[in-house]
Structures are given as structure tokens and as C-alpha cells.
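The listed protein sequences derive, respectively, from chains A and B. Just add 2 to the spot in the first sequence (first one is 1) and you have the working numbering. Just add 191 to the spot in the second sequence (first one is 1) and you have the working numbering.
If you are wondering where the hints come from, they were derived from the structure by calculation, not from laboratory data. C-beta atoms are modelled at their ideal positions from N, C-alpha and C, and glycine is treated no differently. Warning: the hint list may mix true and false statements.
Claimed, not checked - Where chain B lies over chain A, by a calculated footprint (3+ residues, C-beta under 8 Å):
| # | region |
| --- | --- |
| 1 | 15-23 |
| 2 | 323-334 |
Claimed, not checked - Here are some of the chain B residues that sit facing chain A, going by a computed Cβ distance under 7 Å:
| # | residue |
| --- | --- |
| 3 | 249 |
| 4 | 255 |
| 5 | 281 |
| 6 | 282 |
| 7 | 287 |
| 8 | 293 |
| 9 | 297 |
| 10 | 298 |
As the list claims (entries may be wrong) - Per label pair, the in silico range of CB-to-CB distance:
| # | chain 1 | residue 1 | chain 2 | residue 2 | range |
| --- | --- | --- | --- | --- | --- |
| 11 | A | 370 | B | 319 | 39 to 49 Å |
| 12 | A | 289 | B | 324 | 57 to 67 Å |
| 13 | B | 315 | A | 370 | 36 to 46 Å |
| 14 | A | 15 | B | 261 | 39 to 49 Å |
| 15 | B | 259 | A | 376 | 49 to 59 Å |
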Amino acid sequence: MIGMLGNAFLIALREIRRNLTRAFLTVLGVVIGVSAVITMVTLGEGTTEAVKAQISNLGSNLLMLRPGAGFGPRSGGAGVPLFTEDDVEALRDQVPGIAAIAPVRNTMMSTIYLQEARNTSITGSTIDFFSINKWSIESGRFFDERDLLNASAVCVIGTTVRKELFGGQDPIGEKIRIGKASIEVIGVLKSKGQAGMGDQDDTIVLPLTTLQRRLGGRTSSRDISQISISAEDGTDSDFLIGEITSLMRQRRNLQANQDNNFFVFDTRQIAETLSSSTRTMTALLSAVAGVSLLVGGIGIMNIMLVSVTERTREIGIRLAIGGTAREVLLQFLVEAVTLSCVGGVMGILLAYGLCTVLSSVIQVPFTFNFQINLLAFVFSAVVGVVFGFAPARRAARLDPIEALRHE
Amino acid sequence: MKTADGNPSLISIRGLTKTYGHGSMAFQALKGIDLSIRRGEFVAIMGPSGSGKSTLMNLLGCLDRCTSGSYQYDGIAVESLDSVALSLLRRHALGFVFQGFNLLARTSALENVELPLLYRGYPRAKRRTMAREALALVGLPDKERNTPAEMSGGQQQRVAIARAIVTDPSTLLADEPTGNLDSVTTQEIMELIKGLNEKRGITVLMVTHEDEVAHYAKRIVHVKDGLIEKDHVKLDHSEGSSQ
Numbered sequence: 003m004i005g006m007l008g009n010a011f012l013i014a015l016r017e018i019r020r021n022l023t024r025a026f027l028t029v030l031g032v033v034i035g036v037s038a039v040i041t042m043v044t045l046g047e048g049t050t051e052a053v054k055a056q057i058s059n060l061g062s063n064l065l066m067l068r069p070g071a072g073f074g075p076r077s078g079g080a081g082v083p084l085f086t087e088d089d090v091e092a093l094r095d096q097v098p099g100i101a102a103i104a105p106v107r108n109t110m111m112s113t114i115y116l117q118e119a120r121n122t123s124i125t126g127s128t129i130d131f132f133s134i135n136k137w138s139i140e141s142g143r144f145f146d147e148r149d150l151l152n153a154s155a156v157c158v159i160g161t162t163v164r165k166e167l168f169g170g171q172d173p174i175g176e177k178i179r180i181g182k183a184s185i186e187v188i189g190v191l192k193s194k195g196q197a198g199m200g201d202q203d204d205t206i207v208l209p210l211t212t213l214q215r216r217l218g219g220r221t222s223s224r225d226i227s228q229i230s231i232s233a234e235d236g237t238d239s240d241f242l243i244g245e246i247t248s249l250m251r252q253r254r255n256l257q258a259n260q261d262n263n264f265f266v267f268d269t270r271q272i273a274e275t276l277s278s279s280t281r282t283m284t285a286l287l288s289a290v291a292g293v294s295l296l297v298g299g300i301g302i303m304n305i306m307l308v309s310v311t312e313r314t315r316e317i318g319i320r321l322a323i324g325g326t327a328r329e330v331l332l333q334f335l336v337e338a339v340t341l342s343c344v345g346g347v348m349g350i351l352l353a354y355g356l357c358t359v360l361s362s363v364i365q366v367p368f369t370f371n372f373q374i375n376l377l378a379f380v381f382s383a384v385v386g387v388v389f390g391f392a393p394a395r396r397a398a399r400l401d402p403i404e405a406l407r408h409e
Numbered sequence: 192m193k194t195a196d197g198n199p200s201l202i203s204i205r206g207l208t209k210t211y212g213h214g215s216m217a218f219q220a221l222k223g224i225d226l227s228i229r230r231g232e233f234v235a236i237m238g239p240s241g242s243g244k245s246t247l248m249n250l251l252g253c254l255d256r257c258t259s260g261s262y263q264y265d266g267i268a269v270e271s272l273d274s275v276a277l278s279l280l281r282r283h284a285l286g287f288v289f290q291g292f293n294l295l296a297r298t299s300a301l302e303n304v305e306l307p308l309l310y311r312g313y314p315r316a317k318r319r320t321m322a323r324e325a326l327a328l329v330g331l332p333d334k335e336r337n338t339p340a341e342m343s344g345g346q347q348q349r350v351a352i353a354r355a356i357v358t359d360p361s362t363l364l365a366d367e368p369t370g371n372l373d374s375v376t377t378q379e380i381m382e383l384i385k386g387l388n389e390k391r392g393i394t395v396l397m398v399t400h401e402d403e404v405a406h407y408a409k410r411i412v413h414v415k416d417g418l419i420e421k422d423h424v425k426l427d428h429s430e431g432s433s434q
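Looking at chain A on its own, in the form it has when it is part of the complex:
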């Protein structure tokens, strides 16, 4: 049996060698199909991973209270009142299950250091802001209670800001101009990386009081654009959202027939929504790629059928000179398996190349999924064997004479 298999392998390889064009076309279908499936799934999973990583960077159990009716064009609007620092105090005192809460005031301002200038997102908040949003310090320090109390002219910057304004220079202790004020850099935040929602590291955080008093523009106490809340472990976020909502409705004097003019985001919900949509996207792309794999398979079948006339005569010759039907079939089986396995391996290698290039282009991590490689490989092998072998099987059932006469 081993000898017979070795023999069939030898004959099959010879057959492949003398029909290189046919072999190439056969393999091509499998290569494209396999590489498409693997690339799609790999990039899809990379995207999902990236989204998950971003969400976890935002902080877990994080609730964000914002004015307006949610994301989208109607959010924000001119007529929607912001929050006050009293709102923050009320929430802290009256809603159970809040671990930390921080008022946030966001604005865009031009920042200048020596010759370098850029528009950067400026956040004014309190100390809890860092823990709620899972920021950690790379160098220097966070601002503290005293800075907050004194409205010290200090700030903490993200790594993008450091890179853009300071290049390789150590920014700690340097003064940058934000709007009309000169602010000292006291710390650099550890990078959170690129995110779908933009570069999280392109940010400057300073004490809320500093933003209010030194950078100006304060027209009322209702100047808090967002309240960030982290829930205590084990707190049901739906319950918490309910509590926050009823308190805020009361504080904003909303009547029973009025809609909320604020909105509570739950990062976990966002995470679930985002990862489920990337999963859907991945599934969709995989389905498309699967179709291309199928088309590749049909291509193989097509090529095999087209060459069946020649192959039928070949089978007749082989049978006449003493090959048994089993040996001839084994040869065709080995041929089909060899071609589709070669195609499968080439497809995997091609997918590797594509993923490496694409993942750096679209900035998504490269996740090697052994299962999908195996699945695509096995599928290609099965497709190749089924489509390559079936016509040969039909031909080998013929009498040698019939096969020889086949025109």
C-alpha cells in the first residue's frame, strides 16, 4: 500500500508537472479563496480586538452623563443646558453605587510651545477624572487637591501633544501657552493609543478651576459639559442609570411630559454595540470571502471538467497498459489533494502578507487565528478533492475501451 501510494504520488507529480498551466489555474482559485477568507477574518478579528481595547481604555463601569438626547445631530444643541458642579455634588451624595465622579469641561484651544502650535482638546476636571478614565502617568505627576484649590497654572499632557510640541525634549517643567494663559506641564499621560473615536492621546488635562478662571470664557456656573461616573463593582448599571436619570430630571425641573434633555452613556453598552457591529461586519466579510472560496472551487471543477476529455483518454491508456482502476483513481486523488493543499498553503502565505500589510495600513492588530487557518485549509482541500476527483471517478468507471475511444 505504501509502495502504491508512493507510486501514485510519483505519477501524480509527473502529471502536475506536464500540465503546469492547468495546475496553476486550479491552484489559483484555491489561493484566492483561502487568502480572502483568512484575511477577512483576521482583519475583522483585529478590528474587534482594537475596539475592545479602546473600550477597556475608556474605563470599565464608566457612565458618562451628557446634555442632549444622545449621539448624533440632535445632541448638544444650543438650547440644551449644561450641568453644574452642584449637579456633581448632588449625584455624589444622593445616588448609591457611585465609586467616583468627576465634572468635565471640554473645549478646543490652540496650544503653543516655542515655534510649535496645534489645536488640541482641552479637558478641565478633578483628580478623579484620571482614575475614572484609567489614565496613568508616564512621567511627572497628576495635578492634586491643592492645584485644584488654587487653580494652579499646571497641566498634564498626552503623548501626542508631547510629540507634536516637544519632539524628543522632556516637557516636564516647561511652560506652554494655552489660549491666553501660560501653563506649566507637570506630567505626561501614558499612551492609550489610536482609537476609532480619534487619538485619545491628543489631549491636555488641567484642573477644572484653572480652566474656569485662567482660560476664561466662563459665563455661568452651568459650564460642565460632561459628568464622568465610575460605578462601584457589582453595581447594576441599569439601576444606576435609572437613579441618575430620576435625580437629574428633578434637578433640571423636567415635567412628566417632557423628554430628558440629558443622556447617560454606559461604556459597557457602547462596547457591546461596537463589538457586535464589528462582529457582524466580520461575519459579512467572511461570507463574501467564503463565496470567493466557493467560486474558486467551482473554478477547479470547471478546469477539471474541461480537461476531462483528455483525462478520460489518459485514464483509458493507463488502464490498458495495466494500471488498475484503483491505482488510477489514487493518482487522481493524490493529484487533486496535492494541488489543493499547495493552493491552501499558498493562500495562507498570501493571507499572511496581506494581513501584515493591511493591518499596518488600517492600524489594526494582527491576530493569528489558528482555527480559521485550519478551517480554510481543510475547506480548500475538500473543495479540491471533491471537484477534482469527481470527474476522474466518473471516467475511471468506464471500460478501458470506452475511455480510450472518448473524443
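Given chain A, work out where chain B should sit, using these hints.
Leaving out everything else, chain B in the frame of chain A:
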């Protein structure tokens, strides 16, 4: 081992019939053939088209199975063999030459000739040596790298003959071996086959409808309507071949 005379029959068939199809569509191609062929004979099977000569050839060549009757090849009851045993019998005892050459396309002459040896599982060096010897024997020692497309019909048929005899078969079956060749090439091929029969003692069974070709044989069997019409040994064989 292959002397022509005095040996018992190599091939012995009795009451051989072959029916194609079933019921009212049935067609009896052979209606009861009795034939004995000894080792070393050169037999031409002649007959008009539809006479059953090709059917007889296919049965003799173990490519097809008879409907009834018995067929002994070298003491083996061929009619009782399964398809695997038939293949093995073809592999070890028979060589085929066809009208249409039936070489593998895009494959060198040497590899075509090697093909039967592959199924015998011979090592590469042995295959090469034997195939080269066979090509030399048919007068194509310098064509081993050529593919069928690069050779004339006569050369292709020589390669086919080399492929048929490379395994040193006891019987060479030739189905209209010169049917696609011009008269000059026909002579060359027939001289080659005759030489194989005379010098190497290979039993040759040949189907033809041309008298000139049949004259190379020592014995001519005429088939008509599924029966043997005439079976005669030629006495003036040497004259016939010189035509």
C-alpha cells in the same frame, strides 16, 4: 521460452459470445468464437467493419469481458477474473498498440515508454535503462526527449510500440496499428512488428482491414457477422512480406 512451435496454446477460447445492450436493444457482436493461438504466432484478424473483429480483439486483450464462453490465457481462466486481476494480467502479459497511438500528450517519449514500468513499481534507474533499450529497439534512440507533438505519426507509433514491449510481454495486441499512417510508414511499422515477432518471439495479434498489412502475418483469421469465417495459415509468408 517463447519458441513458436510445439508449445500448447497460449490463447484458447471456446464458444465466446459478446452481447451489447439488453432486451430488444441487445446486439450480439460475437456469436460463438473458437480460436487457439500458440506462442510466437503472428495472427491478423480481418473483417469488414461491424464484423466483430474489434470486439474480439478487446476480449483477447482483456480490456472487455465476454458474455459467455471460456477464455484461457496461458492457463488462466480469464472469464472468471475481476477487473483488478484483468488489469494485472494486462500489466504483466500484454502490450497494446492502438490506431490512434494513444500516447500521453506533453510527455516525453521516454516517460511515455516508462509508464507501464511505473505501474510495475520499478526503481527509476531500471525504468530509464529499460525504456531507453525499448526506444533503441524501435529505432528512436535519439527521440527520448521529444513529446508526441514533436514527432511524426510513424515515430509516435514506434514510441507506442516501445511502450507496449518495454515490459517484455508475451503477447502484443495491435488494433489497426497502421490505420493512421501512409504506405511507406506502414511498411516500416509492419517490418518492426514482424521483427519483434520473429526475433523476440512475441506473439502478435493484429486487427486490420488492409490485405497488405495482413500479409505480414503468418496466419489470417477472417471474422464476419460475429463468427470466424476463415482461418488459414499462410504458406507463402516470405513472399507476402516482400510486397
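Here is what the structure says about each hint:
no.	hint	in the structure
1	15-23	holds (count 3)
2	323-334	holds (count 7)
3	249	holds (5 Å)
4	255	holds (6 Å)
5	281	holds (4 Å)
6	282	holds (3 Å)
7	287	holds (5 Å)
8	293	holds (5 Å)
9	297	holds (5 Å)
10	298	holds (5 Å)
11	370(A) <-> 319(B): 39 to 49 Å	holds (46 Å)
12	289(A) <-> 324(B): 57 to 67 Å	holds (60 Å)
13	315(B) <-> 370(A): 36 to 46 Å	holds (41 Å)
14	15(A) <-> 261(B): 39 to 49 Å	holds (42 Å)
15	259(B) <-> 376(A): 49 to 59 Å	holds (55 Å)
Violated hints: none; the structure is consistent with every hint.
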